[in-house]
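Chemist: Residues per chain are reported as follows:
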Amino acid sequence: MNTALLFQSLVLGVLLGGLYALLAAGLTLYFGVMRVVMIAHSAFLILAAYIAWYFNQQTGWDPLFSLLITVPLFFGIGVGMQRLLITRLRPATLTMMSVLLTFAIALFIEGMIGFVWSGTQRRIQLPYSGDSINFLGASVAVVKLMAFALAALSLALLYLLMKKSRFGQALRATIQHKEAAQLVGIRTDRVAGLGFGLGLATAAIGGTALSLDATIYPSLHWHWIGPLMAIIVVGGLGSIPGTAIAAMVLGIGQSLLQVPLGTTWAQTLFYVALFATLMLRPQGFFGGRLAQRF
Amino acid sequence: MSSRRKHTWGVAAALSAGALVLTTACSGDSGGGGSDDTIVIGVSLPLTGDFSEPGKGVQRGYEAWAQMVNEDGGLLGRQVELKILDDQSSADRVVQDYEALIAKDQVDLIFGPFSTRLVVPSARVAEEYGMLFVEPAGAAGEVFEQGFENLFYAAPAIAEDHYDYLAEYLLGLPEDERPQTVAVASMDDPFAQGTAYGLRDKLAEGGLEIVVDEVYPPNTTDFSSIAAKISSSGADVVVGGTQYQDAVNLIVSLQQLNYQPRLAAFSTAPTNPEFSAAIGAKTEGILSPTGYTPEAAWESNTDFVERYTEIHGSPPSEDEANAFTTGQVVAAAVEAVGCAEQGDCQQQLIDWLRDAEVDTVVGPLSWDDAGRPQSAHLIQQYVDGEIRIVLPEDAQEADFVFPKPAW
Chain A
1 MNTALLFQSL
11 VLGVLLGGLY
21 ALLAAGLTLY
31 FGVMRVVMIA
41 HSAFLILAAY
51 IAWYFNQQTG
61 WDPLFSLLIT
71 VPLFFGIGVG
81 MQRLLITRLR
91 PATLTMMSVL
101 LTFAIALFIE
111 GMIGFVWSGT
121 QRRIQLPYSG
131 DSINFLGASV
141 AVVKLMAFAL
151 AALSLALLYL
161 LMKKSRFGQA
171 LRATIQHKEA
181 AQLVGIRTDR
191 VAGLGFGLGL
201 ATAAIGGTAL
211 SLDATIYPSL
221 HWHWIGPLMA
231 IIVVGGLGSI
241 PGTAIAAMVL
251 GIGQSLLQVP
261 LGTTWAQTLF
271 YVALFATLML
281 RPQGFFGGRL
291 AQRF
Chain B
295 MSSRRKHTWG
305 VAAALSAGAL
315 VLTTACSGDS
325 GGGGSDDTIV
335 IGVSLPLTGD
345 FSEPGKGVQR
355 GYEAWAQMVN
365 EDGGLLGRQV
375 ELKILDDQSS
385 ADRVVQDYEA
395 LIAKDQVDLI
405 FGPFSTRLVV
415 PSARVAEEYG
425 MLFVEPAGAA
435 GEVFEQGFEN
445 LFYAAPAIAE
455 DHYDYLAEYL
465 LGLPEDERPQ
475 TVAVASMDDP
485 FAQGTAYGLR
495 DKLAEGGLEI
505 VVDEVYPPNT
515 TDFSSIAAKI
525 SSSGADVVVG
535 GTQYQDAVNL
545 IVSLQQLNYQ
555 PRLAAFSTAP
565 TNPEFSAAIG
575 AKTEGILSPT
585 GYTPEAAWES
595 NTDFVERYTE
605 IHGSPPSEDE
615 ANAFTTGQVV
625 AAAVEAVGCA
635 EQGDCQQQLI
645 DWLRDAEVDT
655 VVGPLSWDDA
665 GRPQSAHLIQ
675 QYVDGEIRIV
685 LPEDAQEADF
695 VFPKPAW
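So the sequences go chain by chain: A and B. Following this note's numbering, the numbering of the first sequence begins with 1 at its first residue and continues without gaps. Following this note's numbering, the numbering of the second sequence begins with 295 at its first residue and continues without gaps.
Incorrect hints may have been included.
What the hints assert, rightly or not - If you want the footprint, here are the derived chain B segments under chain A, 3+ residues with CB under 8 angstroms: (1) 335 to 344; (2) 517 to 529; (3) 532 to 543; (4) 547 to 555; (5) 572 to 583.
Keep in mind that the hints were calculated from the coordinates and are not lab data. All C-beta atoms in this analysis are idealised placements derived from N, C-alpha and C, irrespective of residue type, glycine included.
Work the whole structure out from these sequences, hints included.
Modeler: Structure below.
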C-alpha cells in the first residue's frame, strides 16, 4: 500500500464526507424539530438532481443555476408538507406514522420521476466533469470540490441561522423543549413548518451538488437513505454539527477502508457504526439526549 | 398509462382464458380467429428498480416483435399478445410472476426476463412446468451449468466469450507492443463478472499481469476509491465488468484522476445510446463487446431496424435486439412444430430447437445441449465519436485504434 494512494483516498474521503454532511443535514433537522423520520428526504435529493439535469438539458446553463428554482420551491413544498400532512399525524404515534407517510411520499416521487423522465439513467454532461486540480500530488476533481464548497457554504449558513437569528433561537427552543417554548410565546407549529421547509431546502442544494458528479435514476434514493440515516444516528439526532462530524468521519473511514478491504466491506462501515452507536451511546456521539425519546 | 395498459392486459388475459375454456368445451369447433384465438405470451421484466433501464429496452424489443408478427398475419395465423408483469428487479418477484403466468393465467408460451440473476430462478420455474424457456439476457456461464433442459439463450455468445476477438488480437501483438498490466473492476453480478473475467483469464494465461482485481456490489454509486486504486496501479489495460451507471461513474472518476490507460474495455454501457450523452466527447477509443449492430446485413435485421425505427424514432440497441431475437427463435419453433400451448407441445418445441439453426437479427443461431449459443460477439470501439465494429477484421467498420487516445 503506497502513501500516494492513501493520501488520494484521504482527499476523496474528505470530499465525500462533505457531501454526506450536506445530504444528511436536513434529515437531522426534521427529526430534531418534529421527531419526524423523513424517509422521502433522499427521494427529494434525487428529484432536485433530476430538476438540475432537466434545467441543464433545456437551457444549457450550469446546473447550479437551477438552485434559484429548486431552493424556494422545495422550501415551499416543505412548509406545505408539514402544515398539511405531518401535523395531521397524532402526536403519540408521530414518529412511527411519519415513517409510513414519508415512505409513501418517497414512492410517489420515485414513480413520478419515472413517469415524467422515464427510467433512463441520466448524467449531466459538464465540460469540466473530468477536470481536476493537483493538490500535493492528489487529484481533486473540480465537480467534487464544487459539491464540497456548496456543502460547506450551506452548512455554515445553516449553522449561523440556527445560532444567531431569532428564528434559529425559536427553532432550537422548539427542538429542546416544545412545551416550554410555547410558554415563552414561540408559535411552535409555525416554527416547525419553517424548519421542515428549511430541511427540504437543504435537499435541493444537496441534490444539485449530487447531480454534478453522479449518474441518476429514479430508484437511486434507496441507496442513499440507509447511509444517511446511519449518519444522523451516529451524529446524535437533531444535532447539525454532530451530523457534519459523523458524516466526515464515516466518509473518510469508508474511503480509506476501501483500499485494504474493497468496496463491499467498506460499505458495511455505516452499519457497524450504527450498531456500535446504538449499543454504546444511543443518544449519538455528539448530540443531546433526543434519541432516548425514539 | 402503464396502469391502463395493465388493465387492458388483464381484460385480454381474462378474455383469452375464457376463450380457452370455450374452445376446450366445444372441441371440433375451430376457433373463428380474431381476439378469442390469440396466443398469449407471458413475460416478467424489471420495469422498475435497478434493472429498469435494460428491462424497458427488452420490453420495447418484445413489443416490437409482437406488433410486427401481428402485422404480418400472426403466428400460425393467430394473433399474439404479450402479458408483461413487473418484477421490480427482484428474484423473488420474478419467480412469483412466472408461477402466476404459467399456472394461473395459463399463458401459451413464455419469454425470459432480463439479467442472469433473474434468469436462473425463472428458468427453474419454467422447467418445473415443462415450458420452453428462450431468454434474451442470461449470458453468464453459470446459467448453463444448472442442468436446464428447456433453456436457450437468444444471443450469439455467452458472457465469458464476449471478448474473445479482443483477447486474440492483444495476445497476437508483437511482444514490445503488447500491454503488460491489467486492472479489472467488476460488479458483483454473474453477467458482468462473466464478461470481465473471461477477458482477464485469457490475458493472464497469455502472460499479462493482473495488478488490480476489484469487485463492487451492484448498489455502488461512488467509484472514486476504485478509480484511485486503478490509477495508482498505472495499469496498461482497464477492464470493467459493468452494466451502465457503474461504467459511466467509473470512467468519469478515472478521468478525474488523469489516468490514461492504453486500452479501456467496458461491457454493456458503451453500447447504450445514453452513454455518449453522459460522457460527452471523452468516449474516444472505449471498447465494448456487442452481440448486435443495427447495420448488420442479416435478412430479418434490415426489416427489423426499419420498422422499429418507424415505431420508436431511433434504431434498436442490443437489449431490444436480443428480445426480438427471443421472439424470432420461439416463433421459428412454433411455426415448425405447428403448436403453441402448454403441455406436450412445449417439449416438441424444445426438441425441435435443440437441433435447429434459426435465422435471427443477430445472425443464424444454434445451441449446444445446455443452451449455449455457438457464435461470437463483435468488438466495438468509439472511433471519431461513433461506436463502430473494429474486430474481427472481416466484419470491421473502422480500424481498431490502439493505443487508445487520451480521454
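Chemist: Check, residue by residue, whether the stretch 517 to 529 of chain B contains three or more positions whose beta-carbon lies closer than 8 angstroms to a beta-carbon of chain A, and give the verdict.
Modeler: holds (count 7)
Chemist: Under a C-beta cut-off of less than 8 angstroms, do 3 or more residues of the stretch 547 to 555 of chain B approach chain A closely enough to confirm the stated coverage?
Modeler: With 5 residues close enough to chain A, the hint holds.
Chemist: Using a Cβ cutoff of 8 angstroms, are there at least 3 residues of the stretch 532 to 543 of chain B near chain A, or does the coverage claim fail?
Modeler: holds (count 4)
Chemist: Counting residues of the stretch 572 to 583 of chain B whose CB is closer than 8 angstroms to a CB in chain A, do you get three or more?
Modeler: holds (count 4)
Chemist: Taking a Cβ-to-Cβ distance below 8 angstroms as contact, does the stretch 335 to 344 of chain B have at least three residues touching chain A?
Modeler: Held - the stretch 335 to 344 of chain B has 4 residues with a Cβ nearer than 8 angstroms to chain A, which meets the minimum of three.
Of the numbered hints listed earlier, not one is contradicted by the structure.
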